[in-house]
Amino acid sequence: SQQGEEDPQALSIQEGENATMNCSYKTSINNLQWYRQNSGRGLVHLILIRSNEREKHSGRLRVTLDTSKKSSSLLITASRAADTASYFCATDYLTGANSKLTFGKGITLSVRP
Amino acid sequence: DVKVTQSSRYLVKRTGEKVFLECVQDMDHENMFWYRQDPGLGLRLIYFSYDVKMKEKGDIPEGYSVSREKKERFSLILESASTNQTSMYLCASSSHPFNYGYTFGSGTRLTVV
Numbered sequence: 384s385q386q387g388e389e390d391p392q393a394l395s396i397q398e399g400e401n402a403t404m405n406c407s408y409k410t411s412i413n414n415l416q417w418y419r420q421n422s423g424r425g426l427v428h429l430i431l432i433r434s435n436e437r438e439k440h441s442g443r444l445r446v447t448l449d450t451s452k453k454s455s456s457l458l459i460t461a462s463r464a465a466d467t468a469s470y471f472c473a474t475d476y477l478t479g480a481n482s483k484l485t486f487g488k489g490i491t492l493s494v495r496p
Numbered sequence: 005d006v007k008v009t010q011s012s013r014y015l016v017k018r019t020g021e022k023v024f025l026e027c028v029q030d031m032d033h034e035n036m037f038w039y040r041q042d043p044g045l046g047l048r049l050i051y052f053s054y055d056v057k058m059k060e061k062g063d064i065p066e067g068y069s070v071s072r073e074k075k076e077r078f079s080l081i082l083e084s085a086s087t088n089q090t091s092m093y094l095c096a097s098s099s100h101p102f103n104y105g106y107t108f109g110s111g112t113r114l115t116v117v
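These protein sequence lines map, in sequence, to chains A and B. For the first sequence, the tail end lands on 496 under the numbering used here, and the numbers increase by one without skipping. For the second sequence, the tail end lands on 117 under the numbering used here, and the numbers increase by one without skipping.
No lab work stands behind these hints, which were simulated from the structure alone. Misleading hints may appear alongside valid ones.
[Said to hold, decoys possible] Mimicking DSBU-like on lysine-lysine, the simulated pairs with C-alpha atoms at most 30 Å apart in a straight line are:
id: 1; chain 1: B; residue 1: Lys75; chain 2: A; residue 2: Lys483
id: 2; chain 1: B; residue 1: Lys17; chain 2: A; residue 2: Lys439
id: 3; chain 1: A; residue 1: Lys483; chain 2: B; residue 2: Lys57
id: 4; chain 1: B; residue 1: Lys17; chain 2: A; residue 2: Lys488
id: 5; chain 1: A; residue 1: Lys488; chain 2: B; residue 2: Lys61
[Claimed, not checked] Covered, in the sense of this in silico footprint (three residues per stretch, anywhere, with C-beta under 8 Å from a C-beta of chain B), are these stretches of chain A:
id: 6; stretch: 414–428
id: 7; stretch: 484–496
[Said to hold, decoys possible] Heads up, incomplete: computed chain B residues facing chain A, CB under 8 Å, no partners named:
id: 8; residue: Gly44
id: 9; residue: Pro65
id: 10; residue: Leu94
id: 11; residue: Tyr104
id: 12; residue: Tyr106
id: 13; residue: Gly109
Cβ atoms here follow ideal geometry from the backbone N, Cα and C, with glycine treated the same way.
Build out the structure end to end from the sequences listed, making use of the hints.
Structure follows, in structure tokens:
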């Protein structure tokens, strides 16, 4: 299937630092989304950026999208121990009247107190 | 608070059993999805549904079927459980048109012995 690919696979930072996570994808998209998953739980939607948008903010989150490079980045500023989780990018491929999300394998973020 | 509820958090079944995983959403969403999540493989789409009584195969439908008799309920059926179906199963729903993120349930961790 056509998955987004996140980079790096794992990231460990100190509390207060910024965390940057990247995602690349393969074909044209309708939108790209980022999700967070705490250990053993369901995914929580963080932010959605449409293909005609370049940057979006939500609280401490900043997402950018470069459709020419088929890539996106998620920046978490001033990280906290509670941000420790897995982060997934998901791409909504153009599939006609309806659409569906395809997820990457995820990035494990550890924030050290 | 809007919710997607999966009937079981943990489930242990024997090889060959018929297994039903239930998912109910209270948001009047048209779209519902079943994913399985395995270490190193990320989330893979099993089946999805854009309306009552309709269903479409995802990327890995083999060994599974689904039922959507009512808008709020989407059931995943393992016709004859096998050990390679041991996994975390995640149900999600979304509104249509698709401009918003998915809402996920907490997941069902199924072990087939």
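Ascending list of hint numbers which this structure does not respect: Per hint list: 2, 9 violated.
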